[in-house]
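Engineer: Each chain, letter by letter, is given below.
There are 2 protein chains.
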Amino acid sequence: MNALPALVDALPAGRVLTDPDVTESYARDQTFLRPGTPLCVVAAQTRDDVVTTLRWATEHRVPVVPRGAGTGLAGGATALDGCVTLSLARMTAIRELSPADEIAVAEPGVVTADLDRAAREHGLMYAPDPSSYEISTIGGNLATNAGGLRCVKYGVTRDSTLGLEVVLADGRVLNTGRRTIKGVTGYDLTGLFVGSEGTLGVITAATLRLRRAPALPPVTIAAEFPSLRAAGDAVAAIVAAGCRPSLLELMDRGTLKAIDDWKNIGLEDDVQAMLIAQAEGDAPGDASAMARLCEENGAGFVAVSSTPEETEELIGIRRLAYTAKERLGACLVEDVCVPRSALPDMISEIERAAARHDVLICTVAHAGDGNLHPVFIFDRGLPEPPENVWAAADEVFRAALDLGGTLTGEHGVGLLKRRWLGLESGPVTDEVQRGIKQVFDPLNILNPGKAI
Amino acid sequence: MNALPALVDALPAGRVLTDPDVTESYARDQTFLRPGTPLCVVAAQTRDDVVTTLRWATEHRVPVVPRGAGTGLAGGATALDGCVTLSLARMTAIRELSPADEIAVAEPGVVTADLDRAAREHGLMYAPDPSSYEISTIGGNLATNAGGLRCVKYGVTRDSTLGLEVVLADGRVLNTGRRTIKGVTGYDLTGLFVGSEGTLGVITAATLRLRRAPALPPVTIAAEFPSLRAAGDAVAAIVAAGCRPSLLELMDRGTLKAIDDWKNIGLEDDVQAMLIAQAEGDAPGDASAMARLCEENGAGFVAVSSTPEETEELIGIRRLAYTAKERLGACLVEDVCVPRSALPDMISEIERAAARHDVLICTVAHAGDGNLHPVFIFDRGLPEPPENVWAAADEVFRAALDLGGTLTGEHGVGLLKRRWLGLESGPVTDEVQRGIKQVFDPLNILNPGKAI
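Going down the list, the protein sequences come from chains A and B.
The opening residue of the first sequence carries number 1 in the working numbering; numbering runs sequentially from there.
The opening residue of the second sequence carries number 1 in the working numbering; numbering runs sequentially from there.
Think of the hints as simulated: they come from the structure by calculation, not from any bench.
It is possible that some hints are incorrect.
Unchecked claim - Heads up, incomplete: computed chain B residues facing chain A, CB under 8 Å, no partners named: (1) L11; (2) R179; (3) T185; (4) L216; (5) R319; (6) I436; (7) I452.
Predicted, not measured: the structure shown is a model, and the values here were computed from it.
Backbone N, C-alpha and C define an ideal beta-carbon position, used for all residues, glycine too.
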């Protein structure tokens, strides 16, 4: 393409990558989705690099796919034919960390766990912790409004975002939000960008709220159940009792079996589900209450940690879940979320869909939020999920919506879920969203065809 | 106006009010701002009434000023010449209250405290509690993204809003958000409407998150300080120590004196400020820690409640603040918010502005959020604040921005703060906001001239 030399000239040396082996490595996320062939990758190091790239893209009408670490599960960062993949992974500065105001200003390439560790040096933490938090970046977390394990207590990424520095499609820089905890000047542009999956602008810095890290170590419980439904009932009982877990994770037998086959955790034959819950030091009574509620709902065995090492051991089981499932085959990782009281029903629906379509579905759930990740396993040799997997997934999506839920709790729509969007949002929503997209990106160069 | 009979015909009997004495009573909020003369008031009772009114307004290009209880402090509901004032105060249904999912679906005319009371019957609470919560409505709270005393722990109105039913300017109905705690399908339209001050659509129902009400009564402390700055330092120390107050309110001597003159609370001569803090039953250690930090920062006397009656007595002092000040004269109630570490500096700036311009300023602050309400007192005989009050207010606004703060923490921009907007938000923000307004309200009939 003729325009490429102009981009190379406009950026500092080394920013534009065109070697096909290199660009290919930036083209996919964690989905099976087959990417297009990008024109090039821009590895931005500064906000000015982003401005330059977007000005050029606007001038030459080139689509731009912003990208963090590529850990997405919905195809939001999947390359399009002829696009510039704009990688923010090298913008890794924590520009500021203010313990007094409990805020940090981080660039999009900062690895989520690195920000958390930096905060902990001051007795603070960065709360959002998607399962990928050791490899995913703040920019990707913002793009998808990532959740995680702790969000049952501390909220999702949007709840920790106070302000943003954004480069718009035409290269203008927009500062949204503020450094204060509260503020109502103007429309909530900050919230609008969070979760917009790179379709409205490219975030080059975020003012993030830090939280006080718990002073005392948490108490962790792990409870084994004879049925998935019983575990779901225990979750509903825990929520109804007003416990405030800082983590409440559910794993079905398929998941546990995959972990056991890999790491031999001594899984008994009659265990159909496990619940892992954590109560922080400010709620010590909640751990024993949650253990009791598990027993009352049929748990056969309940382990309670008494040391940080035991806690790590119990949580470690949950952390193995995704990798263990990847050993079984290719994975379609789904992300429905239902009102919390509907969790047991949703679990039953997933089991029914699996049986009806003869699909292996292993489910983990951020149960305290009603957010389930049914993982549909299919033959690794296949380029994409076969018909019966899509049929089962379709039933799961529809069941979630019928139960008052949503297609995606924390992964985003990306490319993967666009074909179901119409089931959840009506024509007025679509029209309004297209109007907003038009305000920010009238030429439709930012991540076209994604999210909305 | 010729169009009015068509509106009267289209709505059920009794909805359109045209008696000038009646329409005048719907024309003002709590500010001194002189309203325009409305064409009529529509007292909507159903969503269909709102749809009918907005369709008619679009057809005839009539401006519409949505209105809740009229307790606003920024002129957001002030009538404009020739407008329809669309009152939502009669839409008072709590359509649903689900203890299992901890949500309520409320219409805009529900009084905030009524929703809270309905939730408490199920061991839950509706957290946002602006000082006006016994008279203000959910719709007004949503329009301004209202805060309150408890938001230091539980967040502002937006943090409790999961979804909305909105009637757009042309009468189309838009449903935003969801019933689930998490969800990332599409752009965050819910957050966009919250705080938009009636300029983007008219909210006819909200799905609101309820929280578990604390099981134990709170412990309340009241500390008296020899200087305002010392009290500000105590707040900074409390925040830095990681205490989690559920309420942290600061009052200056002017405020205390006004309360004492009215209710005789036995104010000593050397008390320049009082801090009222509350720790809930889940953080019992925080109350004693906060008392100790007050003493270390110079508090002369610290009262600690041990019964609910004593708590009510201490909190009662704070509740008297606004009414006590109204006894002194007309009030310009301001609402700056600064990063929490800047609270002592902001207090000093307010004192300097008061002295320099010879204005009586009485300040209360939601100190845990850095949100200050300096109240500028002026002669009740004047139709609006005199020059020296504006000059002092101007300095206070500029100081807040210089300290990294914002013009308004929870009241909104309305008409009152529009002339300072340019100091906080730049031309790109303005252009983007106008673009969003255009998407939702291309004819500019919804609360024109307000908020942005």
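Engineer: Which hint numbers doesn't this structure obey?
Structural biologist: 1, 4, 5
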